[in-house]
Structures are given as C-alpha cells and as structure tokens.
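S.K.: If you read the sequences in order, they're chains A and B. To convert, note that position 15 of the first sequence is 15 in my numbering; the numbers rise steadily by one, no gaps. To convert, note that position 533 of the second sequence is 533 in my numbering; the numbers rise steadily by one, no gaps.
Just so you know, these hints were derived from the structure itself, not from any lab. Backbone N, C-alpha and C fix where the C-beta goes; we use that ideal spot for every residue, glycine too. It is possible that some hints are incorrect.
To be verified - Facing chain A, a subset of chain B residues (Cβ under 7 angstroms, in silico):
(1) Thr206
(2) Leu209
(3) Phe324
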Amino acid sequence: MRELFPAKQVMGFVFSLVLTAVALLVYFLDMSFTTGMTILLITAFVQAGLQLVVFMHAGETKDKGAIYTNIYYGLIIALVTIFGTLLTMVWDM
Amino acid sequence: MDFFDRFAIPHASPAIYASMVAIVLTSVAIVAGLTYFKKWGYLWREWLTTVDHKRIGIMYLLSALLMLFRGGVDAIMMRAQLAAPESKLLDAQHYNEIFTTHGVVMILFMAMPFIIGFMNFVVPLQIGARDVAFPRLNAISFWLFFMGAMLFNISFVVGGSPDAGWTSYFPLAGNEFSESVGTNYYMIAIQIAGIGTLMTGINFMTTILKMRAPGMTLMKMPMFTWSSLITNAIIVFAFPVLTVLLAMGTMDRLFGTQFFTTENGGMDMLWANFFWVWGHPEVYILILPAFGIYSQVISTFARRNLYGYKSMVWSMVIISLLSFLVWVHHFFTMGQGALANSIFSITTMAIAVPTGVKIFNWLLTLWKGKIVITTPMLYSMLFIPLFTIGGVTGVMLGMSAADYQYHNTMFLVAHFHMVIIPGVVFAMLAGLTFYWPKMFGFMLNERIGKLTAWIIAISTLVAFMPMFFTGLDGQARRMYTYSEATGFGPLNMISFVGALGLAAGFVLLVYNVYYSTRYASRDISADPWDARTLEWATHTPVPSYNFAVEPQVSSEEPLWDAKKNGHELFKGEYKEIHMPNNSGVPFIMSSIFFVWGFSFVFSLWIPLILATIGIFACMTHRSFEKDHGHHISVKEIEETEEKLRGA
Ligand code: HEM
Ligand SMILES: [Cu+2]
Numbered sequence: 001m002r003e004l005f006p007a008k009q010v011m012g013f014v015f016s017l018v019l020t021a022v023a024l025l026v027y028f029l030d031m032s033f034t035t036g037m038t039i040l041l042i043t044a045f046v047q048a049g050l051q052l053v054v055f056m057h058a059g060e061t062k063d064k065g066a067i068y069t070n071i072y073y074g075l076i077i078a079l080v081t082i083f084g085t086l087l088t089m090v091w092d093m
Numbered sequence: 001m002d003f004f005d006r007f008a009i010p011h012a013s014p015a016i017y018a019s020m021v022a023i024v025l026t027s028v029a030i031v032a033g034l035t036y037f038k039k040w041g042y043l044w045r046e047w048l049t050t051v052d053h054k055r056i057g058i059m060y061l062l063s064a065l066l067m068l069f070r071g072g073v074d075a076i077m078m079r080a081q082l083a084a085p086e087s088k089l090l091d092a093q094h095y096n097e098i099f100t101t102h103g104v105v106m107i108l109f110m111a112m113p114f115i116i117g118f119m120n121f122v123v124p125l126q127i128g129a130r131d132v133a134f135p136r137l138n139a140i141s142f143w144l145f146f147m148g149a150m151l152f153n154i155s156f157v158v159g160g161s162p163d164a165g166w167t168s169y170f171p172l173a174g175n176e177f178s179e180s181v182g183t184n185y186y187m188i189a190i191q192i193a194g195i196g197t198l199m200t201g202i203n204f205m206t207t208i209l210k211m212r213a214p215g216m217t218l219m220k221m222p223m224f225t226w227s228s229l230i231t232n233a234i235i236v237f238a239f240p241v242l243t244v245l246l247a248m249g250t251m252d253r254l255f256g257t258q259f260f261t262t263e264n265g266g267m268d269m270l271w272a273n274f275f276w277v278w279g280h281p282e283v284y285i286l287i288l289p290a291f292g293i294y295s296q297v298i299s300t301f302a303r304r305n306l307y308g309y310k311s312m313v314w315s316m317v318i319i320s321l322l323s324f325l326v327w328v329h330h331f332f333t334m335g336q337g338a339l340a341n342s343i344f345s346i347t348t349m350a351i352a353v354p355t356g357v358k359i360f361n362w363l364l365t366l367w368k369g370k371i372v373i374t375t376p377m378l379y380s381m382l383f384i385p386l387f388t389i390g391g392v393t394g395v396m397l398g399m400s401a402a403d404y405q406y407h408n409t410m411f412l413v414a415h416f417h418m419v420i421i422p423g424v425v426f427a428m429l430a431g432l433t434f435y436w437p438k439m440f441g442f443m444l445n446e447r448i449g450k451l452t453a454w455i456i457a458i459s460t461l462v463a464f465m466p467m468f469f470t471g472l473d474g475q476a477r478r479m480y481t482y483s484e485a486t487g488f489g490p491l492n493m494i495s496f497v498g499a500l501g502l503a504a505g506f507v508l509l510v511y512n513v514y515y516s517t518r519y520a521s522r523d524i525s526a527d528p529w530d531a532r533t534l535e536w537a538t539h540t541p542v543p544s545y546n547f548a549v550e551p552q553v554s555s556e557e558p559l560w561d562a563k564k565n566g567h568e569l570f571k572g573e574y575k576e577i578h579m580p581n582n583s584g585v586p587f588i589m590s591s592i593f594f595v596w597g598f599s600f601v602f603s604l605w606i607p608l609i610l611a612t613i614g615i616f617a618c619m620t621h622r623s624f625e626k627d628h629g630h631h632i633s634v635k636e637i638e639e640t641e642e643k644l645r646g647a
C-alpha cells in the first residue's frame, strides 16, 4: 500500500497550493512594493523548482546530468538577461 | 468594395504590378505543369507528407536557395540605386521596404533554413541514427518555417511590405509611424517561422543527446554534430525571447497595449534591447554550424584529423555562453552610461578569443596536412582571410567609445556582410558542393565550381570593401541617396560592380547545377571525397532507414578507422527496422497557420478564430491518432542492400 500511495506528489501538490496562496496575499494584504516583490519572486522560483522536480520528474532518470545542466544554464542566462537589461535600461541611464 | 481596399498596396509602382503578374503566371505554370505531368500524387506522397529527415533537409535547402535569390534581387536593386548620387531609380519608401525585406529574408528565410537543412540531412547520418528523435515534429518545423516565409514574401503584393528595417525598432514600427499592415506581416510571419525553429532546437538537442551510435561518446562526436548541438542549445534559449517580443509587438500594434510606446509608461528602447538579446545569439546560431562544415571540409581535404579537437569543442561551449552576454553592443549610442557600455565592450572583445582559437585550429590543421584543393576546400580556404577582415572590424565596432563614429554607417554594413558572406554563405556553398553527391547521386562540376568560388570571393571584396571607406567618411546606412558633393559616388559605383559580380557568381552556380545534372557521371562511389565520418559509410542514394546495421564507433572518425585501421563498422545481422509513417497533418496544420497569420495581419477576426480552431483540431487529431509506424522486414532490407550495392 505504501508504495502505491504517491506521498511525494500529494505533499508537492499541497505545498504548491500553499505557495500560490502566499503569492495571492500580496494582492489582498496591504504591504510595501519591496516586500510584495520579494514575496512574489521567492514563491515564483520555489514554485518553478517544485514543479520541475516533483511533477516533471527532473532528476529521476539516467540523464539527470544533462537535464540539470540545461536548467542551470537557462537560469544563468535568464538572470544575466534580466540584470543586464536593468543595468542598461534603468540603473545606468 | 471597402472590404477589399485593405489589400491594396499603399505605395505601388510598375515594378510591383509586374511582380504580381509574374507571381500569378508562375503559380499557374506550376499548377499546370504538375497536372500535365501527373505529378500531384508524387508530390504529396514523396514530399509534402514526408517525415524523412533527408527529404526535409533537401526541402529546407531548396527553400533557402529560393530565398537567396529573392534577397539577392533586393540587394541588386539597392546597390543600383546607390551606384550614383541623386539617383531616381527608387524613392525613399521603396528603398525602405527593400532593405527591410532583404534583411529579414537573408537572415531568417535564407541563412536559417540553410543551416537547418544541413543539420537535417547530415546530423542523423553522422551519428549513425535512423531519423531524428521526433520525425513528425520535424515535418511541422519545416512546414511552419515554409508558411511563415511565404506569408512574409507575399506582403509586397498584398497590403504592402514592412519598412521599419529588419530590426523593426519602435517607435518607428508602431502604428503612428508605420501605418500599413507591413509591420504586422513582420510580427506574424516571423512568429510562425520562429515557432518552427524553436521546435527544431528541441528536436535536434534530443536527437544528438539520445540517439548516437554505440561507442560515440560526446567527445567522439564529429565536429559538425558538436556545432549543431551547441547551436540548438542557443536556439532553445534565445528563440523564446523573440517569440515573446513579437507577441508584445503584435499587441502594441493591434490591441493598443503600450509596451514600446513613448508615453503611458511604455519604453521604446526596450524593443531594441530584447531584439538584440535574441539577435546576437542568432548570429552565432548562423555561424557555428558554418564553422562545423568548415571543420569537416578542412579535415577531409587536409587528409588528417582536426587539430585541437578539444579546444574546438570548448571554444564553442564558451561562445554559446558569451553570445548571451554581449547584446548591448548593438546600441552603445542609446544613451546609457559608461559603466554599462564598458561591461559590454569587454564581453564583446572576450568573444573574439574563442573565435580566434578556432581560426588557429584550422590553420594548424592545414599546416601539417596534405592539402587537396576541391571546390568545398577552396571555399574554406577563401573563408579564412575574408572572415578575418569581418572579425577584426567587429572588434573595432565593439569598442564602445569608437562605435559612436561607426554606428549606423556603411562601415557597419560592410562589417556584417564580411562576416556573414564568407562565414555563412561560403560555408553553405561549400557544404552544398560537398554533400551534393550524397543527396543527388552525382557530383557538381569541379571546374565551374572553382570558378564560381573565385568569382564570389573576389566580388565580395569588391562589393563590400568600399563601404568601409564611405562609412568612415560618414555615409549613413539605410539612406536612399546622397548628394554629389559628398564624393561617395565612385566608391559606391565600385560596390555596385561587386554586387553584379556576386549575381554572376550565383547564376554560375545555377548553371553548374543544370550542367552537372545533364552531363555528370552517375557512376560514383558512396564516398567520393575519401571522407572520414559516418554519413559517407552508407550507400548513395541513402536508403530510407540510413544504415541497415547500426554502426560501431570508437573514435571521432569512424569511417577513416574502418578504411585505414581495420575497424569493423557494421557488426551483426539485419534485424527488422521500425520506421515512422508519413503524415499529411504537418502540412495541413501549417497551411492553416498560414491562413491564421494572414487573418491576423489584416485583423480579420472571424477567419482568425476559425483557423485557431483548425489548428487545435489538428493537435487533437494527433493526440488520439493510433500510429505505430511501420516495420521494414529483413527480406526487404536484404533486397534493398543488394540493389544498392550492385548499383
Ligand atoms: C548579394 C550580395 C549582397 C549585397 C550586394 C548586399 C547589399 C546590402 C545593402 C546595400 C544593404 C543596405 C544598406 C543600407 O542600410 O542602406 C544591406 C543590408 C543588409 N544585408 Fe545585405 N547584401 C548582400 C547579401 C547579404 C547576405 C547574404 C545577408 C545575410 C545572410 C545579408 C544581410 C543583410 C542585413 C541583415 C542587412 C541589414 C538590413 C537592415 O538594415 O534592415 N546581405 N545589404
Ligand atoms: Cu552582436
């Protein structure tokens, strides 16, 4: 019975709902812009990681090396793009 | 009649009306020809529904050649207009439309299908696979690209061409300054083709990572396969930016959003920023497979293994990362501070280092080699010095302070043509000549081929070197004319002569195809160049299953091992082979995409909704379809192999 019950997936599902609820609070509660953005960014990244690992099965197969390399590569490029854009379009204008 | 007014051309001319007539006549001729020779069934069964990577590759290459001529005619018109001061051949509006079309067609509908065509034809053969990982998806990629290209190409006769440059910067590309539907075509047609390219990226990454022959570890992959892997990784990371950007641009133009407007919090330069976040990696998407082809050709005809295999691989990996860190060098003059410009200047110069490493590797391969000059080798040898001119001027442009002098002048135009033509176009012509016998079973004439290579190389110099000088003297880019007093006249005339030379070179290429089709011997071996990698280890013509027995690999040159060191390539017996079935759905779905795009361009919402439903219907059909492919029996394999060996 234990093997049949997808405990990891159920926990993951509950946790992702919690993350969504926390993100929604930013809309319903009155808080400063900085606090709001911080909460949104953190919940967004945790949520994305959770989906990848628990529901898209990253890391469960032999080619997990290739999969994680790709994810980290994508992450680096996304961050460079965002911060590079902020630098040229906002901070150093 | 009101309804039809929207399809009229806002800025017509006799040349455009003549083109309309020509398009109609050609279409009628094609339909009549197909009917008369009863080729409709053949076309549908063998080409429109195929999922075979070799045929899809050939269709990509044919489309690319077609687009090369479309873009080339645009180029000749521009050079003719600029050949003399105060010329009245074209007016400003036509000139704008022509350079926009030329840029988009050459980059997205000529260079891209060229490299993807070679990846399709060569990569599965080179890694000893029977097809790509997702053959059906591959067909969808091709047909989406094709429909996107066709949609873009009809713009000049239905509704008007885009005219805001191939970079389509806002606010110029916004509704206020670009009133015609031209820029809608730009947004939607590139979107459709781009989705196809993104799927190609995923498909080939999977293919290369998962389907290599036994024994072919990553560090034993042939160099073209390596360059394709890296290229497809860049595609997967860069193209989503373009997809989102075009969607935002479309919304600004059609639904009144304010992403790139100059008021209400819009940011016009954000378009330029994200365009180049995609655009710079895009130039490396074009050049890396070209480098891969040069590597194959140079090691084949220097008759030795590639010098510095590992450093070649690492320099490509580094290029792939750095190519995402340099985009701001395309708009150093936007007005940002010295800090941002300095950072991007440094990353730009850094990227020249791995590129230089590759040049030295080729030189050192040649150094110890026994060089055989064939047409593909001639292109590769001409590429090295010419490309260096483009590369060095690129470093000059990369210095942000100096770029205030060069930016948006003919100097820039000369730079990127000196990298793209020797870098990409020469590689494609080298690859075409090199792989021609594998594709079509006969060789292109070597004497005409070499003559073509020389004409194209010399004309490239004649056409583009003068632009460096007029650019430094201040001739601006994208200006349709200049006054006599500027003194730009003579150099521009020389440049026009070079452009005519290039045209002559391409005509000679076509003549070579015609001549060789008629006269070349069909009695050639499967390995006419004495090459080194697996694509030459199977028969010509390549059977649908590529390899009857899966090849065994123990180095990056398995065929050479087999020829010289007694390596046994094909161990074991014939087994039943499982192959995918043909399908008409990719073609049908992409045709619906064409209707979808056309409706979007003209804001015809009801056809748009119907087309959207049609697209989803195709996808639903695929989800519920039971298609397990077909099996080729051992007996059938034996017969095919017998026949091909005899031939
Ligand atoms: C037949 C040889 C060619 C000639 C004579 C030629 C000539 C020109 C000219 C005159 C311009 C416009 C300069 C201006 O801004 O006023 C131009 C722009 C451009 N060309 Fe070419 N070209 C050729 C081949 C190519 C090829 C093979 C490619 C790409 C693979 C290419 C890509 C571009 C691009 C991207 C632009 C910029 C368009 C824009 O500014 O919007 N060209 N070319
Ligand atoms: Cu760049």
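S.K.: Check each numbered hint from earlier against the structure, then list the numbers of those it violates in ascending order.
M.R.: Going through the list in order, the structure violates hint 1 alone and respects the others.
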